[in-house]
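Number of protein chains: 2
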Amino acid sequence: MSNIPFSGARLWDSLMQMARIGATPKGGCNRQTLTPLDGEGRALLAHWGAEIGLTLTTDRLGNMALLRPGRDPSRKPIAIGSHLDTQPTGGKFDGVLGVLAGLEVLRALHEAGAETEAPIMLVNWTNEEGARFSPPMMGSGAAMGAFTEQQVLDMRDPEGIRFGDALNAIGWAGTTDPTALRDLEAYFELHIEQGTVLEREGLDIGVVTHALAQQWFTVTVTGEESHAGGAMTYRRDALVGAAVLIQALESIALEAGGDGRATVGQVSVEPSSRNVVPSRVVFSVDLRHGDEAALDRMAEELRSRAMAVAAERGLAIEVEPFWAFPQTQFDATLAQHLRDAAKARGISFRDMPTGIGHDAVYVARQVPTVMIFTPCEGGISHNEAENITPQQAEAGLLVLGDAVVAAAGIARS
Amino acid sequence: MSNIPFSGARLWDSLMQMARIGATPKGGCNRQTLTPLDGEGRALLAHWGAEIGLTLTTDRLGNMALLRPGRDPSRKPIAIGSHLDTQPTGGKFDGVLGVLAGLEVLRALHEAGAETEAPIMLVNWTNEEGARFSPPMMGSGAAMGAFTEQQVLDMRDPEGIRFGDALNAIGWAGTTDPTALRDLEAYFELHIEQGTVLEREGLDIGVVTHALAQQWFTVTVTGEESHAGGAMTYRRDALVGAAVLIQALESIALEAGGDGRATVGQVSVEPSSRNVVPSRVVFSVDLRHGDEAALDRMAEELRSRAMAVAAERGLAIEVEPFWAFPQTQFDATLAQHLRDAAKARGISFRDMPTGIGHDAVYVARQVPTVMIFTPCEGGISHNEAENITPQQAEAGLLVLGDAVVAAAGIARS
Numbered sequence: 001m002s003n004i005p006f007s008g009a010r011l012w013d014s015l016m017q018m019a020r021i022g023a024t025p026k027g028g029c030n031r032q033t034l035t036p037l038d039g040e041g042r043a044l045l046a047h048w049g050a051e052i053g054l055t056l057t058t059d060r061l062g063n064m065a066l067l068r069p070g071r072d073p074s075r076k077p078i079a080i081g082s083h084l085d086t087q088p089t090g091g092k093f094d095g096v097l098g099v100l101a102g103l104e105v106l107r108a109l110h111e112a113g114a115e116t117e118a119p120i121m122l123v124n125w126t127n128e129e130g131a132r133f134s135p136p137m138m139g140s141g142a143a144m145g146a147f148t149e150q151q152v153l154d155m156r157d158p159e160g161i162r163f164g165d166a167l168n169a170i171g172w173a174g175t176t177d178p179t180a181l182r183d184l185e186a187y188f189e190l191h192i193e194q195g196t197v198l199e200r201e202g203l204d205i206g207v208v209t210h211a212l213a214q215q216w217f218t219v220t221v222t223g224e225e226s227h228a229g230g231a232m233t234y235r236r237d238a239l240v241g242a243a244v245l246i247q248a249l250e251s252i253a254l255e256a257g258g259d260g261r262a263t264v265g266q267v268s269v270e271p272s273s274r275n276v277v278p279s280r281v282v283f284s285v286d287l288r289h290g291d292e293a294a295l296d297r298m299a300e301e302l303r304s305r306a307m308a309v310a311a312e313r314g315l316a317i318e319v320e321p322f323w324a325f326p327q328t329q330f331d332a333t334l335a336q337h338l339r340d341a342a343k344a345r346g347i348s349f350r351d352m353p354t355g356i357g358h359d360a361v362y363v364a365r366q367v368p369t370v371m372i373f374t375p376c377e378g379g380i381s382h383n384e385a386e387n388i389t390p391q392q393a394e395a396g397l398l399v400l401g402d403a404v405v406a407a408a409g410i411a412r413s
Numbered sequence: 001m002s003n004i005p006f007s008g009a010r011l012w013d014s015l016m017q018m019a020r021i022g023a024t025p026k027g028g029c030n031r032q033t034l035t036p037l038d039g040e041g042r043a044l045l046a047h048w049g050a051e052i053g054l055t056l057t058t059d060r061l062g063n064m065a066l067l068r069p070g071r072d073p074s075r076k077p078i079a080i081g082s083h084l085d086t087q088p089t090g091g092k093f094d095g096v097l098g099v100l101a102g103l104e105v106l107r108a109l110h111e112a113g114a115e116t117e118a119p120i121m122l123v124n125w126t127n128e129e130g131a132r133f134s135p136p137m138m139g140s141g142a143a144m145g146a147f148t149e150q151q152v153l154d155m156r157d158p159e160g161i162r163f164g165d166a167l168n169a170i171g172w173a174g175t176t177d178p179t180a181l182r183d184l185e186a187y188f189e190l191h192i193e194q195g196t197v198l199e200r201e202g203l204d205i206g207v208v209t210h211a212l213a214q215q216w217f218t219v220t221v222t223g224e225e226s227h228a229g230g231a232m233t234y235r236r237d238a239l240v241g242a243a244v245l246i247q248a249l250e251s252i253a254l255e256a257g258g259d260g261r262a263t264v265g266q267v268s269v270e271p272s273s274r275n276v277v278p279s280r281v282v283f284s285v286d287l288r289h290g291d292e293a294a295l296d297r298m299a300e301e302l303r304s305r306a307m308a309v310a311a312e313r314g315l316a317i318e319v320e321p322f323w324a325f326p327q328t329q330f331d332a333t334l335a336q337h338l339r340d341a342a343k344a345r346g347i348s349f350r351d352m353p354t355g356i357g358h359d360a361v362y363v364a365r366q367v368p369t370v371m372i373f374t375p376c377e378g379g380i381s382h383n384e385a386e387n388i389t390p391q392q393a394e395a396g397l398l399v400l401g402d403a404v405v406a407a408a409g410i411a412r413s
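Order-wise, the sequence lines are chains A and B.
With the first letter of the first sequence counted as 1, position 379 gets the number 379 in my numbering; the numbers rise by one all the way through.
With the first letter of the second sequence counted as 1, position 309 gets the number 309 in my numbering; the numbers rise by one all the way through.
Just to be clear, a hint being listed does not mean it is correct.
Said to hold, decoys possible - Here are the computed distance ranges between Cβ atoms for each label pair:
{"id": "1", "chain 1": "B", "residue 1": "293", "chain 2": "A", "residue 2": "312", "range": "25 to 35 Å"}
{"id": "2", "chain 1": "B", "residue 1": "378", "chain 2": "A", "residue 2": "254", "range": "35 to 45 Å"}
{"id": "3", "chain 1": "B", "residue 1": "325", "chain 2": "A", "residue 2": "254", "range": "15 to 25 Å"}
{"id": "4", "chain 1": "B", "residue 1": "156", "chain 2": "A", "residue 2": "326", "range": "48 to 58 Å"}
{"id": "5", "chain 1": "B", "residue 1": "324", "chain 2": "A", "residue 2": "268", "range": "23 to 33 Å"}
{"id": "6", "chain 1": "B", "residue 1": "296", "chain 2": "A", "residue 2": "268", "range": "30 to 40 Å"}
{"id": "7", "chain 1": "A", "residue 1": "26", "chain 2": "B", "residue 2": "171", "range": "50 to 60 Å"}
{"id": "8", "chain 1": "B", "residue 1": "312", "chain 2": "A", "residue 2": "168", "range": "51 to 61 Å"}
Hints are computed from structural coordinates only; laboratory data are not their basis.
Idealized CB from N, CA, C, for every residue including glycine.
With the hints as extra help, turn the sequences into a complete structure.
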């Protein structure tokens, strides 16, 4: 437990100030990436950084890095990061908590006059949300090699506006190479859980040890259109076949153990008439698991159940891969710093995976990385009703701050 | 078995001539109600009627009645009817077969110089399909009291055109009261099955003894939106709940016996994102049974399964009635005429219900009525690929003709 005076109250105050930029009538935030409001949010962060002497570097994708030097010139920075951009009807905490908790760690170090061995860097990644420019996590993805810089600059929003032009328009295109952000000793990201595990279990902190592997599919069930007045006997109802599989997917996830998830989020039915037996149903499948082999088994089970349903019901069923994301292991030493920090402060915690993509998941491809989750009310996120308490934010801050200080090392003067 | 020379070849020839009006490149017909092409079809029928001395009366909704007098002035007409209008991508036989088989019965009587005791009337009902003006079966429905004449005249198509104006525009608004068409001794309707029961069982004729009662519902399943990365444990997935019910509905129909049918034709999922657990699913339910009490039990079973699924899965499920149609019994004596006719000609047949609405179902509210089904290829209908063989059409014609003659009585000269 460090004796750095991390202030939950100051963190909360900064969260509320940032939330005014793009504030929505229902208490949320609409500060979408590369909009003028995103520019205002960035300027406020830059201003707060300047107040405590941080050096701002912005790369060609607009990723902002605010550096506090360390004493040991041979060490690379310990980074803390997340994102200030929000969904169109987003909340005040998704991403913002991670950035401003990082700022508070640096403010407290500054206030205490403490010097760390390693430098500490605060990062605000561009376009984590993917709401305006899809896919999400573009800034961190490009920095870590998942996309090229040019790919990202050429992305277009639904109105046809180019990423690079939007970035220039708000004046936040920098000059450095985004891949320079790989040059870190460690990366920490504090984020709201966006789920209900911590809340339901009454815990303060999730030590996030890994990100689930994902395999997404598109399933097409083809039967035969017929009239709803016709006998049941001869039907080849694509929707009932799909319903059997949708139910089976739930079992597949439950049988795959605690880390398994299966979600069908989209369904389309043809010809979509009240009195016509559906001839064609297309649905999405999102499978996740912390273990690649277990995920492969889930996908295999989906295919074999699809074959069985097709044979039983005279249907044709295609299971096509749509997208995949590998399992990502976070750093064991950094995770131990988090557990030690929580224990020392008497803050309750558990290990857990993240099933959700975060900048940290890309960063972990190049840099030892860990994430900290804090509970959020009802698991609600990407929603103006997103909510946490000051106490929850403070618990996250303290664990983050102590672990960062432990990783960076306090210089003895 | 009558000795009237009903000609399958002449019927087929007329079917092919009528099919040229609105012919589509794929071999179907687009002769939607109250379009100029519908006007052309009507004119051709009127012309054919005039050739054999039929008296045409058109009512204020455009229902066409072509009368051949009988010898007995005290008897009301024995009617044969169906419709000439088609779906936008309809076939050559749905409706048309019934009208032109009726025409062939009258042509053969004319050719034979045969006089019947009762008059025989051929009816072409306006807007059976309901494709342009919804709901379907407007002409027969209004004639039999299901709608008022004014309601029908004021209906509008998707472009805002009023039914009454469209009818005037093609010059087919008559002057008589549609309800005069209730004044019939009996009503026969020959129609393609639009299902596969006859085809699969290798039978020529379905003696349609009743129309199934229908109850339609809208089911709304409300759960909780959450991220696809979140644990399975705490989910309240509206779609999995809906899938369980969709599967249960199949069992409900199968357990309700041979007449039971359950169809889910429309499903909408919110928020409809690949990686979001659905919070709300709305789906249609179409339940049918030949027995009202059995249908009520099916609906009751749907409600009780919905309650069970809601309780098990922490969902809210609403089952709202959307529309209902009563069970309709066809006339036993007329059905026996059909069986006798088929037996005498060595034509195979079975009794069966219609699960599909037809003009006959409305007519049966006021007039002793029966229907005859003939097979159609693969049960395909409302489709340009709709197909029957000349032999199938002829079998229907012969059974229809003999039964009509039996009902009307041949006058001894």
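Status of each hint after checking the structure:
no. : hint                         : result
1   : B:293 with A:312: 25 to 35 Å : holds (32 Å)
2   : B:378 with A:254: 35 to 45 Å : holds (40 Å)
3   : B:325 with A:254: 15 to 25 Å : violated (42 Å)
4   : B:156 with A:326: 48 to 58 Å : holds (57 Å)
5   : B:324 with A:268: 23 to 33 Å : holds (28 Å)
6   : B:296 with A:268: 30 to 40 Å : holds (33 Å)
7   : A:26 with B:171: 50 to 60 Å  : holds (58 Å)
8   : B:312 with A:168: 51 to 61 Å : holds (55 Å)
Checked against the numbered hints listed earlier, the structure breaks hint 3 alone; every other hint is satisfied.
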